[in-house]
Amino acid sequence: MEVPENRFLEVRELTANYGNVQALRPTSFHLDKGEFVAVLGPNGAGKSTLMRATMGLVENSGSVAFLGQETKRNNPANLASKGIILVPEGRGIFSPMTVLENLELGAYLLGSRSTVTGERMSKVLGLFPRLKERLTQIAGSLSGGEQQMLAVGRALMAGPKLLLLDEPSLGLAPRIIGEILEALGQLNREGLTIMLVEQKAPLALRLASRVYILSLGRVVAEIDPREIKSHDDLAHYYFT
Amino acid sequence: MTILPITTSPNPIMRIAAFTPYVATLLVLIYALTGDGYLASVLGFALIYTVFVTGLNIFMGYTGQVSFGQNAFAAIGGYSSAWLSVTMEWEPLVGLVIGCCLSVAAAILIGYPTLRLKGHYLAMGTLAIGLIVYEIAIQWEDVTGGYTGISGIAPLGIGDYQANTDNQKLVVLAIIAGTGLLMSRFIRQSRLGRAFAAIAGSENAALALGINVSRYKLVAFVIAALYASVSGWLFVHVVGYVSPEVFGLHMVNLGFTMLYVGGLGSSLGPLIGAVIISLLPETFRAFKDYQDLFYGTTLIVILIYAPNGLASIGSFLTEKLRSGR
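As you go down the protein sequences, you meet chains B and E in turn. Quick note on the numbering used here: the first sequence kicks off at 673 and runs consecutively. Quick note on the numbering used here: the second sequence kicks off at 818 and runs consecutively.
Calculated directly from the structure, the hints in this document are not laboratory data. Remember, it's a predicted structure, so these values are computed and weren't measured experimentally. For glycine and all other residues, C-beta sits at the position ideal for the given N, C-alpha and C. If a hint is listed, it holds; no wrong ones were tucked in.
Taking beta-carbon pairs under 10 Å as the criterion, some of the chain B residues facing chain E (in silico):
no., residue
1, S767
2, Y780
3, L781
4, G783
5, R826
6, L836
Rough simulated footprint, nothing fancy, chain B against chain E, three-plus residues with beta-carbon under 8 Å:
no., stretch
7, 1004 to 1015
8, 1026 to 1039
Generate coordinates for the entire structure from the input sequences, incorporating the hints supplied.
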């Protein structure tokens, strides 16, 4: 596959199936270094499938090139080791473990390099001070918002080059969503490339520099968020 | 990476509670050693099962998988050493090593395709493994002796030393079971144990963090097979006889009961479960015809009031004390 120079992530003709159902039709998109890209779309458009297929968590075909190199398909551990880290829908925190243990597991790929782990831990706890107060608390007993902070914090412990977030606002109060988005914005300003799947369009549009619209399992438009002035503008893309 | 225990011990009461099962088992051991030998024999079987259930706990409790086929690996370990002991007159320790090697090879061969299954399908797949090995034990008469089994197996021992009396066997079993439990605890607190726990928590989240889920599931399966193999080896050399029934479905049922009564995922659960489940029928022997009724009722009561197993009672009480309720 010919990948343009300096292209961070290049995804081409990506498809995904659940049994006989094709949840993602051949879809192509890309990300450049330092971008904050949002993927919007109505319920059932295939947004989460797009994330899972990119990460290799569902059977898929197509190609995913990261930092100019083709990645092994259907091997999420390999992608994670290259620096693509996913915060899955529903958070996927390890409920019986403490907050600290969850964060430490984020740095699993580092092995015993405790200095780097320590540095990352300080950064995460600086970003989410609430987690610092709850380090010894069982993760399952945290509030929904704190669990989402933990999920993002754990992903950051892995030292991502590209952070994929699947609906981080799901089921959270607006104030908490604000805190999380604030943190994501800060990370992006510091240079982290982020791809966010979100159903609450206004939230994503606040931060994104570029937006893909997904409908019926394929990308139907690539737009500048400044072009979206109202819900009607979005609906136009959703249903065309 | 800083290694912390999975559950933190916030106060001294909990720390003392954590040692209670060890102290209680030690007291029962001492009592058994001074008794008439019957209790030593019952406790001996409990310790053999402790080894078996500890392996099951690593696969089911730590890693969140399910296996109804661990009896297959106990059979491989037991029959290998029994055959080598009787036919070749080899030392039990050599039988142990060869049995473990065969079990590891079988676990890799079986686990690689089987562990692609999940949930109920994995349960059914592993159940089939146990049934196949049981059938082989019956049909392969030249080696296993079929229904008749193999008798005259050498007792546990190294060189000139042999554990012949019930008390000697009990001491050897206590050392081996204790070592197995400590190793299990070490695994739980290690980086490997963290990977197991992550898989048990969420396979997708573990994958997304770079944990090679299929590899670690296979590692857990192989470790569990090793424990099962050692328990099979212990059984044949302690009893001196082996037949297919020893490693049948009864072993799986008993193993599961011990695991759930002791506490799934607790490193001490297998010991507690094995000792309680082995001693319960003896306790109710006086009830004669109603023995099974009392045994069954007691199991139900335990699982209702301690759904996370008896090992969880310590932390439950500590939590009560802390909250003042």
